[in-house]
Amino acid sequence: MTHTDKKTAFRLGVIVFVFLAILTALEFFIAVAVPSTLLLSLIALVKAGLVVYYYMHIYRLSEREGDPDSYEYKAGTLRLGLWLFLLSDAFVFGGLAAARFNLLGMTRPNLNQILGLIVTSVLLLSSFFMNRAETAMAHGDRRTFATSLIATLVLAIAFLIGVVGVEWPSAIHEGIAPSANAAGAVFFMMTGMHAFHVLTGVLFLLIILRNGLRGLYSAERHRAVEAAAVYWHFVDVVWIFFYPALYLIGTAL
Amino acid sequence: MRHFVIVGILVLLFAALTFLGLRAVGLMPVEAALQAEIVDWMFELEMAVISFLFALIVVPLFYSLIVFRRKPGESGEGEHIEGNTRLEVTWTILPLLPVLTFAYLGAITLGQTRRLDPNAMVVNVTAFQWAWRFEYPEYGIKSNQLYLPVNRQVVLKMQSPDVIHSFWVPEFRIKQDVVPGRITEYRITPSQIGEYKVRCAELCGASHAYMLAPVNVVSQQEFEKWVQEQQTTTTQTATAGPDATRGEKLYNELGCKACHSLDGSKGVGPTWKGLWGETVELADGTTLIADEAYIIESIREPGAKIVPGFQAGAMPAFNLSDAEIADLIAFIQTLK
Amino acid sequence: MKKILSLGLVRGLIWQVVGTLAGALLVTAIRALMGLNPWGNFLFSEAAWVVGGLTGVIAFIAGVGALTDWFQWALGKETPEHREDPPGWEKYFGVSLDHKVIGIQYTVTALLLLSVGGLFALIFRTELAASGLQFLSLQMYNTIMGLHGMVMIAGILLGVAGVMNYLVPMLIGVHDMAFPRLNAFSFWIAPPAAIVLLSSLALGGFNTGWTGYPPLSARAPVGMQMFFLAVWVVGWSSILGGLNLIATVVRLRAKGMTAFRMPILAWASVATSIISLTATQLIGLSFQLVMFQRLLGMGFFDPAKGGNPILFQHLFWFYSHPAVYVFVLPGLGVISELLPVFVRKPLFGYRWVAMSSLGIALVGFLVWAHHMFTSGMNEYLRVPFMYSTLLVAVPTGVKFFSWVATLWKGKIETPTPMLFVLGGIIVFLMGGLSGPPNAIVTTDLHLQDTYFIVGHFHDTIFGGYIYPFFAALYYWFPKATGRRMSEKLGKLHFWLMTPAFLVMSFLMMRVGLLGMRRRIADYDPALGFDFLHLLITLSGFLIAISVLIFLYNFFHSIKHGEPATGNIWRSRSPEWQVPSPMPAHNYEEAFEVVGEPYDYGLPGSTYIRFNGKHS
Ligand code: HEA
Ligand code: HEA
Ligand code: CUA
Ligand SMILES: [Cu+2]
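Chains L, X and G, in that order, are what the protein sequence lines are.
Position 83 of the first sequence, counting from 1, maps to 83 under the working numbering, and the rest follow consecutively.
Position 247 of the second sequence, counting from 1, maps to 247 under the working numbering, and the rest follow consecutively.
Position 130 of the third sequence, counting from 1, maps to 130 under the working numbering, and the rest follow consecutively.
Hints in this document: simulated from the structure, not taken from any laboratory.
Owing to the predicted nature of the structure, the values given are computational and were not obtained by experimental measurement.
There's no promise every hint is true.
[As the list claims (entries may be wrong)] Taking CB as the label site, the calculated pair distances span: (1) Leu203(L) <-> Arg570(G): 50 to 56 Å; (2) Leu203(L) <-> Ala304(G): 34 to 40 Å; (3) Arg143(L) <-> Ala304(G): 20 to 26 Å; (4) Val155(X) <-> Arg351(G): 49 to 55 Å; (5) Pro579(G) <-> Leu203(L): 45 to 51 Å; (6) Gln134(G) <-> Lys273(X): 25 to 31 Å; (7) Gln134(G) <-> Val30(X): 42 to 48 Å; (8) Ala202(G) <-> Thr279(X): 32 to 38 Å; (9) Asn37(G) <-> Leu203(L): 31 to 37 Å; (10) Leu33(G) <-> Phe29(L): 45 to 51 Å; (11) Lys74(L) <-> Pro579(G): 28 to 34 Å; (12) Phe62(X) <-> Gln134(G): 36 to 42 Å.
[Unchecked claim] Subject to a maximum C-alpha distance of 35 Å in a straight line, what follows is the list of computed DSBU-like cross-link-like pairs (lysine-lysine): (13) Lys71(X) <-> Lys157(X); (14) Lys411(G) <-> Lys71(X); (15) Lys71(X) <-> Lys488(G); (16) Lys491(G) <-> Lys71(X); (17) Lys257(X) <-> Lys409(G); (18) Lys255(G) <-> Lys74(L); (19) Lys74(L) <-> Lys305(G); (20) Lys157(X) <-> Lys305(G); (21) Lys273(X) <-> Lys257(X); (22) Lys197(X) <-> Lys305(G); (23) Lys142(X) <-> Lys305(G); (24) Lys77(G) <-> Lys74(L); (25) Lys266(X) <-> Lys91(G); (26) Lys305(X) <-> Lys305(G).
[To be verified] From chain G, some residues computed to sit far from chain X (all C-beta separations above 12 Å): (27) Ala74; (28) Ser434; (29) Leu489; (30) Ile549; (31) Ala564.
By construction, the Cβ of each residue, glycine as well, lies at the ideal position given by its N, Cα and C atoms.
Turn these sequences into a full structure, and let the hints steer you where they fit.
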């Protein structure tokens, strides 16, 4: 548990988000102006680092509190379990990325750039609200928790609609159909697998919201909220890498 | 100390016996190519090292089992030895010797097997379910047998229209997969006149086991003689009209028979019995008469018209000469 | 009858059938509405079978009751992590959260699968007993051969999970795994998946062997999809199992059990779990991609669409090589665990043996392309992969030398478990030493896809897994049942299986070198292998007989074996300091680690002391 007071905690969330937003914009302009794979990868790494440290609190893994039967200790074990799962999951996405570069090399499907930037920002924003919701609960502020979590959910669903409802049909219209060529296959598999994770995340968040509203969580006991948050941020981290891989790196076909 | 001396002697003895035993049995088939000699040289070295390492573990193991076994009625525990860092380091470092030797020689010998001879003969190979087809661009010959002049390097440029196959002649040792969508290269210098077989070494479907083709390594003169024959026959077929018997030969050689029966039974593809002139109903519902045009199309681009109940794309596209197709059709016409 | 129906397993099976039909019919209906042909060669269309297979598995898991607690949690209700299981045999056929019950469930399922896989082997071995086609069609041969491979591998994975599940919590002194519900879930994924795998027999089979390379797998019958789906699902069982084990060992060790005072098997299990946790995802992914290529025409591996067949092989082997260390590391752990007990002497160089497991696991991640030396991948990649592969020999060697040093100057006893330990060492040594010739590209160009390889991996698998697994079963059987298996039958089993197996694997390598290809239903009589193949087949049957003897011994001894409730092996390890069979929540009172695990022959030293506190 971070023992900073609520205000500073919230402010930290904002600052991190501002950095992420700037980096994303930077990314976009680099891709337009000086398409350098190296730079783009570096920025992606920095963004991921920010999220993993400030939003996912990876450092909490080293906390070993309480005796083995205490709630804290159990929560710590749960935390480790979740991170192990994310590590495992990262290999799927890593494999997909590897496949993308093996098949398409330094080319990429010609997608709607604006749409890409929008959905990316939406997901980033949802991460911000998720962090806000968790911090709120960590300080026992149930109202902010509920409102921020609802905001997260709205943005999450907006992201899904943006990708599945808008991007997919327009891609198919552009001739990037799943069965058309390798580029289409890669694009749909990568976005599809990610969208699937977003969907599971949404379900997770809905459960948290319901149980939260029924007052099952408190400042001391809300490991489920923390887990949901970490999972949600992970889904965002994946997109932090997929966005440049699909939209920015390489020359459009 | 006594123990160590005895074990040491036994290890060397056992290692030597194992290695000589293996040599006496003879592990590899005939060496029919220069590359084979390189491979066998490397393999023999590996066997020597392995025999020694095997002895190094097994001998002390059995020695302990016999000497240090718990004798009847004996009680008490073994000697309390927790370990010995110097020993551990030694047997972590020492195996690096064989490892590094293998690594070095492995790379060297690999390079030798890949060495390219500037005036090598090129043969284009097509591997398809489930047969081999060889084309000699230099001489404009197509054949389903591989004829090679002895002591001249040949470079096979191999491709596959359907699935992965693998070109392997055990007597040549070297093996190379044939992958759809790319051309893989196989370099060999036959050194032994004789008759061998290509054996497809990558599981490629039902008849994988039978995907063989004759490989004849012959003297330069005989090779030229063979080339002569082939060229004359090809020119003949080009001029002479369609001929059912040649068609039947093609049916057997090209691998059509792998999928198309002549007795009306259903194989991977539809039977050819009574195919000629019959009304074929296609998967898309339309019907047509199996005439020359249709059959030519079916062979040149099988995907174009699909017969229901059969998998589209199952049949590889064959780029056969008009003469060959004419012969096949002549053959099909005889199958009433 | 009523009792039977109330069993979770039975309920699960019924639900699976229903779920499969539901899923399949749904897809069929959708296809009909979309104007596509709703039916296929096997009644349903391929898509319907795939979706049906998946819904069926999910239905089974829900039906058996492995999800109930999580639904409760979602509804905000707390449920206990330790339920009381019903006494008697019923608890083994339903969801239990006790790691010992789950461990036994895993182990028995593994025995079942290994026997089924063995049966397949006997069938196609009979076909191979002579050249020419005896009684199998070509397609049928390929299906049975591929199923033999994959069923056996699935059997191994479950067997490994069984050993780790049953033993590790006891060895590190906890009453259960870190996530008991996840543990039960991981097990209950496996039975429905096994059913899906075998169902491929009925759906046209598949003709690619266990490696499922496209483009061939993209053209195979529907059975291919069932194979892919099943493996994809089983993969989750070992991913989640590995996750659970790592969390358990990292977080829940007994007081005073520092990393280098853990029993060696715990080390091996962690090394194994690191692999299964991460690498498994990539075999899942590679199979998933082919499934989608078949369903939606996505061109990942289809050259015509700019796909790349070699890419599949990279993804596949990135898991399937490390996987082979998943098979053996726990086995080698068992060897290192049992040797000191029967040599009455400390494990020589404990730290080195512990570290070598991690070493093997980590280097094992960097060698996958050694299965692709002839595949037409980038020429120059072959050399670095040859180097990394050869490097694995070093940590493995450390184990062997340490084992020999452990035997040296001991007081060696050879009851059945020890026999299997020694057999395992020798057989695995042969398998391991037949590795470098494959690793060295030059010679692999000849060996690739021959029976030499087949011999190589039967040696490694038997030596690194089957033998130690048997040893473990003979050794810990009393801990689970309070009775011991018959020594006489055990020795008979060993002395029948070992010579038979040696003949089998030697002859495999022999014919391989002389030109016998893998995965062929019929071989050229001109090669003159008929007699050698006959011998291989016969020895296969002898192994089978020996295993039957084992199975009889195993199931008979559960009720009728001679009682053995004490520390019959005079072991120092904690689980033997309490009477057998192990009580429901393991140790009544917690223990503290006060010494080294393997200090045999050091007077007055003990490994653990019970500290009276209730655990
Ligand atoms: C239990 C499983 C297992 C294990 C442990 C191993 C261990 C090893 N394997 Fe094996 N292997 C398989 C299972 C296994 N393998 C399977 C199933 C296949 C076929 C897959 C398929 O195609 O279907 C296969 C195929 C396979 C290939 C591909 C062959 C081909 O298809 O062309 C290669 C190539 O490098 C290889 C190498 C090795 C090596 C170097 C080791 C090393 O880990 C061995 C290390 C051990 C030793 C070397 C012995 C002890 C060491 C010493 C005594 C020290 C001194 C020794 C030296 C310095 C050499 N294996
Ligand atoms: C666990 C792994 C395992 C085991 C135990 C076996 C056991 C046997 N295997 Fe198998 N085999 C494989 C894994 C295994 N195999 C794999 C992965 C392939 C590659 C498939 C492919 O190419 O795609 C293969 C391929 C393979 C081939 C090559 C097929 C071909 O390329 O065409 C052959 C040929 O002889 C063969 C024979 C046998 C025989 C006779 C046995 C005999 O030992 C069987 C007799 C045994 C029994 C009938 C009982 C079996 C049960 C046990 C041994 C254990 C039971 C219980 C406990 C351990 C407690 N196997
Ligand atoms: Cu072609 Cu096997
Ligand atoms: Cu390997």
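Legend entry - Structure-inconsistent hints, enumerated in ascending order: 3, 7, 13, 17, 19, 25, 28
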